[in-house]
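Chemist: Listed below, chain by chain, are the residues.
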Amino acid sequence: MLEIMQIKDEAYTTITLKGEVDASNSVELDAAIQNAMQSGSKNILVDGNSLEYISSAGLGVFMSYLEDFQESNINFVIFGLNEKVQNVFHILGLDQLIRLVNNRQEALAIIYEA
Amino acid sequence: MFKFPNIHIGKITVILAFFSWIFLLLVDSIRIFGEVNQMDVGVSPQLTHVLEIIFFILVYIFFNDNINKQQNNRFLNLIWRAASTGLVASAFFVASFLFREVLMADTKLAQDEQLKNFSYHVSFALTAVFLISTSLLWKNLILYQRTKSVVQQWQAFEIILLMSMFFMLFVEGSETKYGLTAGIVFIIIYSIILSINLKWIPYLTIREKWKSLLYLFIIIFSAIGLYFQLVDLTPIEELNLVNNLFLMGLFAFVIIYSTSSFLVTLFNLPTSSVFEQKLVEAINFQKLSQSIKPGEDEKRVLDILMDSCMSAAYVDAAWMELHTPENEIKVAHQRFISDQEREDLRATLRETDPFREYLDAGTPSNIEYIYGRINHEAFASVLIFQLKVHNKRIGNIFLVKEVKEGFNKEMIDIISTFVGQACISVENYRLLNEALKNERYKEELEIAKKVQQSLLPSQLHHNDCFEISGFSAAADEVGGDYYETFAYNEDQFALIIGDVSGKGTSAAFNMSQMKGVFHSLVQMNFPPKDFLVKANKALSNCLEKKSFITTTYYFLDTKTKTIHFARAGHCPTLYFQHKTGAGEFLKINGMGLGMVRGEQYEEFLEEGFISYEPGDIMLMYTDGIIEAKNEIGEEFGYERLKATLDQCNGSSAEGIKDMIIDAVYTFIGKQTIPDDDYSLMVVKFIR
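Read top to bottom, the protein sequences are chains H and S.
Numbering of the first sequence is given in the numbering used here, commencing with residue 728 and proceeding in unit increments.
Numbering of the second sequence is given in the numbering used here, commencing with residue 15 and proceeding in unit increments.
FYI, nobody ran anything at the bench for these hints, they're computed from the structure.
Remember, it's a predicted structure, so these values are computed and weren't measured experimentally.
Heads up, a few of these hints could be off.
Stated by the list, open to error - Below, computed lysine-lysine pairings styled on DSS-like, alpha-carbon distance capped at 27 angstroms:
| no. | chain 1 | residue 1 | chain 2 | residue 2 |
| --- | --- | --- | --- | --- |
| 1 | H | Lys745 | S | Lys402 |
| 2 | H | Lys811 | S | Lys656 |
| 3 | S | Lys684 | H | Lys769 |
| 4 | S | Lys559 | H | Lys811 |
| 5 | H | Lys745 | S | Lys643 |
| 6 | S | Lys559 | S | Lys529 |
| 7 | H | Lys811 | S | Lys529 |
| 8 | H | Lys811 | S | Lys601 |
| 9 | H | Lys769 | S | Lys559 |
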């Protein structure tokens, strides 16, 4: 089960993920990111506080946008991942490509710095 | 034991009946001779009566046997048999009358008592045959759709008739006349009661009804004619064969039942078209429900639907529109209307409320049908039904009539049933097709599974210095896990384990690419880190944007007892050191293949190095094992894996593999279906 919420603030768009991302619903995650990019947001935050599990298919979705983020100068930050999920990012090496921070404040700090 | 010879009842009774009749004729001739010559010939009138009774019974047995044997017991056929017998009897009468009164009018022969007697007896026999056979035929009609009470009524009637035969034997003298009258009145009343059993009439078609009216008329006419002729022909008062209760009763019964059938059929004529219509509807309904057979498709079902709807509502024209997948409207069936007229009418409907709204809605409407008046030169009323299959509106059926208010509730109800049934048939047909298609997919997947299983090695390379054992299970038919070994020489080996992102068919394709990359690169004998850099380069060109592969590549040298390895985002290898008695995860930096598709990939890699000792164990696995969940959603996890290995480190590689798999399956429980691929490779160093 995956619930995705998307809130667009003035400076950034927050995508909140609740539940599990697996092969069957990774398309929804893809659509959410696509949507956030099309809305013109230059800062995209992913709230992972309630993300319990992410499969390789879900990680593949994040990975597939890395180039686009770079090209469009979009800041993409994931925050609040629990230890287990963060470990998955770490083992794969994805934490070296995506900025992972502990909480919303840290994420916002990165955005305002930039 | 005594055995009855297989005798033919029909033939025997005919012969016996004939002889009894000859005997009767003989006896009566003697009596007439005595009467005419005023002599006592010593033949009792009772003998005539007894012979008469025997004759009646034999004729009854013959026809009872004969009619039951007849296969073709259609109503009209039964009535025709009765009518034809009546015709034959009447014809003989007319012939004998003509013979006596016209041909031989002036001769002595016409006045001859014996000749008259002979013709009287023939007529009597024919009449008896006609009445008895007709009564038995009527029995079949009365007992059509029988109930217990009707059967009892009929049996009682047969007993009454049997008793009436013997009436003349016991009642004599002046009582005869009153007794006869009373008996006849009783039989008439009973016949009237039996005559209400006319359930067969509605089942005749209108054509058959006309025919049966004619036949019934012949029967009534013959019966009445025969009666009066027989009475008229009686040679002498003392020798009146007709004047017995049985024959008179039969006359009454045959005439009463025929008359009531005649009248009921006559009054049924105007409503018979409605009954026929209902019958046609029932048959159409049956046709619709049976129309889905192998080889019959949607088109055929819709064709039957069109015909059924049209005949149910007596419409003047009709057509059917189907929505194609491209949202175009296609006219599928068109009856009694030209293209031009149809388009005109369609345009009118498009402009008329409420039809416009009903037709515009592409989605299924809550309203099943809509009908009303239209402003069109040729047609005045229209009825539109939507065709709904799988909750989708596949089209509409249009029925139009030239008269206003042409559709009533009964018609709409029956059409609604037809449409419902047809839609179910179409739905079933589509489901069946889908099921067949799925079956084909399954077969293809089965083939893919076999192909993929052949991609995993059946034998893993090793030498005396180490044991090796592998296992792989896919969650779907095909999976994305991969492991393999390669032997450079007696001492040097390459090992690889990998996991393709995602699962199922797409993962399986990428896995086979990975195998190709491994086999081409392993020959070059690159150090592990270089191997991964090259593999990343090769795969970057062929992996989808969202796909990546995690892998760990090992180079094992049993001479120097060293392992060099590099990790591309794969789960860290679990290494058990015999010396410390505990396992640990070899966490070196790494990055999945295909995640960074450029030169800088190399920067994310690190190379690990181990010097192994006998008793050490290296466990390679995929994330499916770590992420295997039990019923309450708990993961197997790294710690459980480590603990399991720590416990079974004394076993052989094969044993360790089995125990770990056993632990994982026990953990997830029998009820849980694995949702990821599990793979595992165990290396145990012996020396």
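Chemist: Each of the hints needs a verdict: does it hold here or not?
Modeler: Going down the list of hints, with the structure as the test:
{"no.": "1", "hint": "H:Lys745 to S:Lys402", "in the structure": "violated (38 angstroms)"}
{"no.": "2", "hint": "H:Lys811 to S:Lys656", "in the structure": "holds (17 angstroms)"}
{"no.": "3", "hint": "S:Lys684 to H:Lys769", "in the structure": "violated (48 angstroms)"}
{"no.": "4", "hint": "S:Lys559 to H:Lys811", "in the structure": "holds (25 angstroms)"}
{"no.": "5", "hint": "H:Lys745 to S:Lys643", "in the structure": "holds (18 angstroms)"}
{"no.": "6", "hint": "S:Lys559 to S:Lys529", "in the structure": "holds (19 angstroms)"}
{"no.": "7", "hint": "H:Lys811 to S:Lys529", "in the structure": "violated (30 angstroms)"}
{"no.": "8", "hint": "H:Lys811 to S:Lys601", "in the structure": "holds (15 angstroms)"}
{"no.": "9", "hint": "H:Lys769 to S:Lys559", "in the structure": "holds (22 angstroms)"}
Going down the numbered hints, you'll see the structure goes against 1, 3, 7, while the others check out.
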